[in-house]
Amino acid sequence: MIAGQNILSGFSLRLFPGQKTTLIGRSGCGKSTLLRSLLGFVVPEAGTIRVFGMELSSHLVWKLRTRMAYVAQEPEMGVGNVHDLLVRPFTFKSNRRLHENMNCVPELLERLHLPESILGKDVSALSGGEKQRIALISGLLLDREILLLDEASSALDQAAKLAVIDLLRASEALTVLSVSHDQEWIGFSDNLVDLSKSQNCAAA
Amino acid sequence: MNIIDISPWHLAAGYLLLAIPLGIILWQRLPMLGQTLRAVARMTLQLLFVGFYLQFIFELNDPFLTGAWILIMIGVADISIVSGCRLRMNRLAGGLFLALLAGTIIPLLIFVLLVLQDKGALNAQYVVPISGMILGNCLQADIIGIRTFYESLQKNEKAYLLSLAQGASLKEALHPFVRDACQTALTPTVATISTIGLVSLPGMMTGVILGGGNPMTAIKYQIAIMIAIFAGTAITVILAIRLTTFKNFTTWGTLDRGIFETGRS
Numbered sequence: 001m002i003a004g005q006n007i008l009s010g011f012s013l014r015l016f017p018g019q020k021t022t023l024i025g026r027s028g029c030g031k032s033t034l035l036r037s038l039l040g041f042v043v044p045e046a047g048t049i050r051v052f053g054m055e056l057s058s059h060l061v062w063k064l065r066t067r068m069a070y071v072a073q074e075p076e077m078g079v080g081n082v083h084d085l086l087v088r089p090f091t092f093k094s095n096r097r098l099h100e101n102m103n104c105v106p107e108l109l110e111r112l113h114l115p116e117s118i119l120g121k122d123v124s125a126l127s128g129g130e131k132q133r134i135a136l137i138s139g140l141l142l143d144r145e146i147l148l149l150d151e152a153s154s155a156l157d158q159a160a161k162l163a164v165i166d167l168l169r170a171s172e173a174l175t176v177l178s179v180s181h182d183q184e185w186i187g188f189s190d191n192l193v194d195l196s197k198s199q200n201c202a203a204a
Numbered sequence: 001m002n003i004i005d006i007s008p009w010h011l012a013a014g015y016l017l018l019a020i021p022l023g024i025i026l027w028q029r030l031p032m033l034g035q036t037l038r039a040v041a042r043m044t045l046q047l048l049f050v051g052f053y054l055q056f057i058f059e060l061n062d063p064f065l066t067g068a069w070i071l072i073m074i075g076v077a078d079i080s081i082v083s084g085c086r087l088r089m090n091r092l093a094g095g096l097f098l099a100l101l102a103g104t105i106i107p108l109l110i111f112v113l114l115v116l117q118d119k120g121a122l123n124a125q126y127v128v129p130i131s132g133m134i135l136g137n138c139l140q141a142d143i144i145g146i147r148t149f150y151e152s153l154q155k156n157e158k159a160y161l162l163s164l165a166q167g168a169s170l171k172e173a174l175h176p177f178v179r180d181a182c183q184t185a186l187t188p189t190v191a192t193i194s195t196i197g198l199v200s201l202p203g204m205m206t207g208v209i210l211g212g213g214n215p216m217t218a219i220k221y222q223i224a225i226m227i228a229i230f231a232g233t234a235i236t237v238i239l240a241i242r243l244t245t246f247k248n249f250t251t252w253g254t255l256d257r258g259i260f261e262t263g264r265s
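Going down the list, the sequences are from chains A and B. Counting with our numbering, you get residues 1 to 204 for the letters of the first sequence. Counting with our numbering, you get residues 1 to 265 for the letters of the second sequence.
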């Protein structure tokens, strides 16, 4: 069973396999922090986080990161052209066996309304919306069980946003935990969690 | 040695030359008069001290004393790098000391034992200046390397964290940063190597010529020292980065912000 449990000052959340959950709540109430804490970038002062039933620790986090994908708000993927940045994760030892997934790039580009010529572009020349979609593609190529999306639709136009929603909806097995303010995005999720309603809203 | 000595009175005449830059500073009202005078005074005192001390070391020519002097030089270099990088001393000093030690001693031993291959080469008169030249260059390279490494990590933290999120090991995620820092640190030495002799007569060569050696001997020393310096800088930069990494990353892989004196940028 895939289950992530989070406690953020009296807050707990459980994710089920394939479920699409969206975190909402006013700015600064810890939505992004919650996603980052699942990756071990922020360590909670108290409480435990369990991912896939295992308690998150500095020892296990390295293994668990290979089972999650993360798309940050305003993604920064480094320097170079889009193709190189998509290939880069596959140079890591833990991802080498997935290298063939690069074959899915043309299809993913098409589904997200991006031209194939974008692969040769330098990442610094991309618009915000293009960057978000490329970062999402990079995450999907890694074939993870959980996808963490931080405001992944904020710079997308209507058509691109619907394309992203369609794509995620079609990935039935994929568990998605996202942070969003967008109404359409909220409409797509199975489960809505309002962090403002948890007892303490300070970012942990 | 057939070198012409300079008497204290003649050296005083040399100081008269200072009137020109000081005159320009006063004339243009450059706000650096105090700083300049302090620098000249400091140079004089430091060199006087080193002169007396080296005289003493050369006369005794005791391997332990020579070794101790080299260790002191490395210690001073260590402290000046850390203060030059505006990073926390206690986080870096230990690793840097080892990096400087390896970067100085390895090329020094090869220079003395394989290139010179003479019993006399173990004399303090050879060992101290050669290690000083290598160390001085290691110091420059470490300042550039360490600073580039930690500053670019701080600046590109999002891209670094993304690599971790993608499943990279610490080594894999740091690799682009290590590579850039090494390249930036080694570039000045490579540039010096390629223009040497054309732009300026390098220190070691000048020394051998003034000491009465012929120019061919001088260039052989210069070539050997340049290679020793290059090897030293390469060794020290990679070690400086690798040895300080242990203390400055958390077990979760994130950069420990405690290393920056000013905290968050």
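Read the hints as simulated data drawn from the structure, not as lab findings. Every residue gets a Cβ at the ideal spot worked out from N, C-alpha and C, and that includes glycine. Honestly, I wouldn't trust all of these hints.
[Unchecked claim] The calculated label-pair distances, taken between Cβ atoms and stated as ranges, are:
1) R38/B with P44/A: 47 to 53 Å
2) H181/A with F246/B: 40 to 46 Å
3) S83/B with E116/A: 30 to 36 Å
[What the hints assert, rightly or not] Here are the simulated SDA-like cross-link-like pairs (lysine to any residue), alpha carbons at most 20 Å apart as the crow flies:
4) K155/B with L85/A
5) K197/A with R14/A
6) K63/A with L255/B
7) K171/B with R96/A
A quick look at each hint next to the structure:
| no. | hint | result |
| --- | --- | --- |
| 1 | R38/B with P44/A: 47 to 53 Å | holds, 52 Å |
| 2 | H181/A with F246/B: 40 to 46 Å | holds, 41 Å |
| 3 | S83/B with E116/A: 30 to 36 Å | violated, 52 Å |
| 4 | K155/B with L85/A | holds, 18 Å |
| 5 | K197/A with R14/A | holds, 16 Å |
| 6 | K63/A with L255/B | holds, 19 Å |
| 7 | K171/B with R96/A | holds, 16 Å |
Checked against the numbered hints given earlier, the structure breaks only hint 3 and satisfies all the rest.
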